[in-house]
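Got chain A; can you put chain B on it based on the hints?
Sequences listed follow chains A and B, in order.
Letter by letter, the first sequence follows residues 1 to 422 of the working numbering.
Letter by letter, the second sequence follows residues 423 to 659 of the working numbering.
Some hints could be false.
[As the list claims (entries may be wrong)] Reference listing, derived: stretches of chain B covered by chain A, where coverage requires no fewer than 3 residues with Cβ under 8 Å from a Cβ of chain A:
id : region
1  : 518-532
2  : 547-558
3  : 630-644
[Claimed, not checked] Calculated Cβ distances over 12 Å to all of chain A for the following chain B residues:
id : residue
4  : P428
5  : H450
6  : S470
7  : L571
8  : E615
9  : R647
10 : R653
Hint data in this document are derived by calculation from the structure and do not stem from the laboratory.
Only a predicted model underlies this, so the values are computations on that prediction, with no experimental measurement involved.
Think of the CB as a built atom: it goes at the ideal place given N, C-alpha and C, for glycine as much as any other residue.
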Amino acid sequence: MREVSLLAWRHLSSRPRQSVLTIAGVALGVAVFVFTVSMMDGLLVFFTQSLIKVSPLLTVLPERLDVNLARDQLRRVSSDEIVSISRPPVPDDRPTIRGATALAERVRSVPGVVGSSVAGAAPVVLSFGTIAEPAILVGLDPGDEATVTELPRCVVQGRWDRLAIRRDGAVVGKDLADRLGAQVGDRLAAVGDAGQVRELEVVGIIATGLGAVDESSAYVNLSVAQGVAGWGGDEGTEIRLRTVAITNLDGLRRRLQAVTGHRVETWEETSQASLKLFRMIGLTTYLLTGFVLVVAGLGIANKLTTIILDKERDIAVLRSFGFSRGAIRGVFLIEGLLLGASGTAVGCLTAAAVIEYFTVFPIRFAAREGAVLAYTELFLAKDPRYYLVISVAALAISAIAALVAVRRAVRVVPVEVLRGTA
Amino acid sequence: MEVTTPVLVARGLTRRLGVGAGAREVLHGVDITIEAGEFVALVGPSGSGKSTLLYLLGGLDHPDAGSVEIAGEDLARVDDDTLAKLRNRLIGFVYQFHFLLPEFSALENVLMPLWARGGGRSREDRALGLELLGRVGIAEKAGKLPRELSGGEQQRVAVARSLVNRPKLLLADEPTGNLDSANANAVYELFRELNRDLGQTILVVTHDTDWAARSDRILRLLDGRVVGDERRREERA
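In isolation and in its complexed conformation, chain A is listed as follows (with noise of 0.2 Å):
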């Protein structure tokens, strides 16, 4: 083994620009990978966190599912006899929850969470002056909020607990509120799309980053989108919830759906298609770089192509002085793997130091007005995994580049080069 690996090495320590070049090319597609990836997976992490910080763990919804189970029971019991179960329509159906204060208290008892709030979202138009948006005015208790979600944090303009003393009040996504032209301490019209209309004081603009909620959303007290959307005073859209665990969630979801009867949703399943979105795009990233890996393999494969043609005559002298097929193979499969390996070590240091380089002084962007989030620093994710995956599929491509052009090694018929070249 020694001395097929010192064979290996004279080879390509004779050719040293070449073998550079290999590496080079190698480390090239290893770095652009990690890289890639740190910035696929930051940009996640960072949405994931901006959600995190403003969206509840876990939402009770108004839809019913005691309903449903009711009747999935009684076809259980007179499968025979019953052909359909239907619910006539109920003029003031709402997309509602009724009695939403009770059962708020309820779920904050049940082992896991830590904080309810009761939400309710109306679609309303706001003004300010002749300036006109369409918004989704988010009533909520202020301080039951601050114990689910980090929203009181993120006001930039005024105060969070001034909602709190102002029935009034309303806190404004910061893009929302630049394009009314409001600022704190200006008076709003909302009008709900029943025609009812409020005045709101703006106590406080709020910036997460999240384009969802800067773009359109005004949070107020409760009461005040009860009144606009003219539902009664223990009625709202939603409970939100804050939980001791962040991910893991369905085993508590299905809990609280017990309790409640109505459909709870995780944050993933809420953000379900923002998450997916993101990670086809990481995985479509992914693939691109791969390529990048796969045109590396093609180097190795090329440089070892051309030491075997170069090395027909060698291998036909080592053959007849007794090395075996398996120990030709050997030379190469060596040479290519410490391309691979050296091109690997490289590409990840290469990688590291440029991450940690950005990390130190990252990148940063200008806003952008309608943006999903508000990405203004390019937020890189570390994780010893990226090059542990990248390694072992260097090597494997390495490895199979390697073979491939070993085939042509271990078919070199001693005498026929050496009487060729005699």
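Just chain B now, with coordinates in the frame of chain A:
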């Protein structure tokens, strides 16, 4: 009467080269026996099948018919990897061109056949390599790369390399064909010395009539058949 042991026994060696309509038989049932310690020259005109025969005897090629036994091992009946091991253990090769590996020093080239069997790294092996380089007269150039040696020195290294595995049979294919007369003579003297001092059995394919004339035995090949077998040891003695 002198009792000798055959190192090489070849029987009925037949070899066809080429494919299809272009195929032709270049060896027609060749029988050769070489005793231990013989210094044999294989001569014949170009195209008579000398090199083809040498490659068959060295286990580098497979005969279409016939058998080759070296020190009792039948080369025709073993698989490729076993054949490689037998070549390593039993046979030393010297070619017309030195075929040294350019990335390795003279000493490393000499030790290369030992590397094939996982050796060549011990102090003893290195001492053997140096001793062989000394025997061929270039011990002081052990650390030089092939490109730093003259043609004659390169061929000496090749000779030392062929001996490092202490072969039963040394096969040489036109070993002086690429050398000037002075170097050719030096290589001949080297072979003669190895044969005389170490009892090394040697079979040399050569066009060099002078070389052939100074060997113990001359095998003449013509059109793929042995047409002459002339023993000269007694005459010289």
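Original post:
Per the stated criterion, does the least C-beta distance between B:E615 and chain A lie above 12 Å, as a non-interface residue requires?
Top reply: The assertion about B:E615 holds, with a minimum of 23 Å to chain A.
Original post:
Far enough from chain A: is every CB of that chain over 12 Å from the CB of B:H450?
Top reply: holds, 19 Å
**OP:** State whether the coverage of the region 518-532 of chain B by chain A holds or is violated, taking the criterion as 3 or more residues with Cβ-Cβ distances under 8 Å.
**Re:** holds (count 7)
**OP:** Against chain A, does B:R653 hold up as non-interface, every C-beta pair farther apart than 12 Å?
**Re:** With a cut-off of 12 Å, B:R653 remains clear of chain A, as the shortest Cβ separation is near 28 Å.
**OP:** Determine whether the non-interface label on B:R647 survives the test: each CB of chain A must be over 12 Å from its CB.
**Re:** Label holds. Min Cβ-Cβ 20 Å, cutoff 12 Å.
**OP:** Would you check whether the claim that B:P428 is not at the interface survives, using Cβ distances to chain A and the 12 Å cut-off?
**Re:** holds, 22 Å
**OP:** Tell me if chain A covers the region 630-644 of chain B under the three-residue, 8 Å CB rule, please?
**Re:** Since three or more residues must qualify, the claim that chain A covers the region 630-644 of chain B is violated, with 0 doing so at under 8 Å.
Original post:
Taking the closest pair, is the beta carbon of B:L571 still more than 12 Å from chain A?
Top reply: Fine: 17 Å to the nearest Cβ keeps B:L571 off the interface.
Subject >> Verdict on chain A covering the region 547-558 of chain B, where coverage means 3 or more residues with a C-beta closer than 8 Å >> reply: Violated, because only 0 residues of the region 547-558 of chain B bring their Cβ atoms closer than 8 Å to Cβ atoms of chain A.
Original post:
Would you say B:S470 is clear of chain A, with no C-beta pair closer than or equal to 12 Å?
Top reply: B:S470 clear of chain A: closest Cβ-Cβ about 15 Å, beyond 12 Å.
In this structure, the earlier hints numbered 2 and 3 are contradicted, and the remaining ones agree with it.
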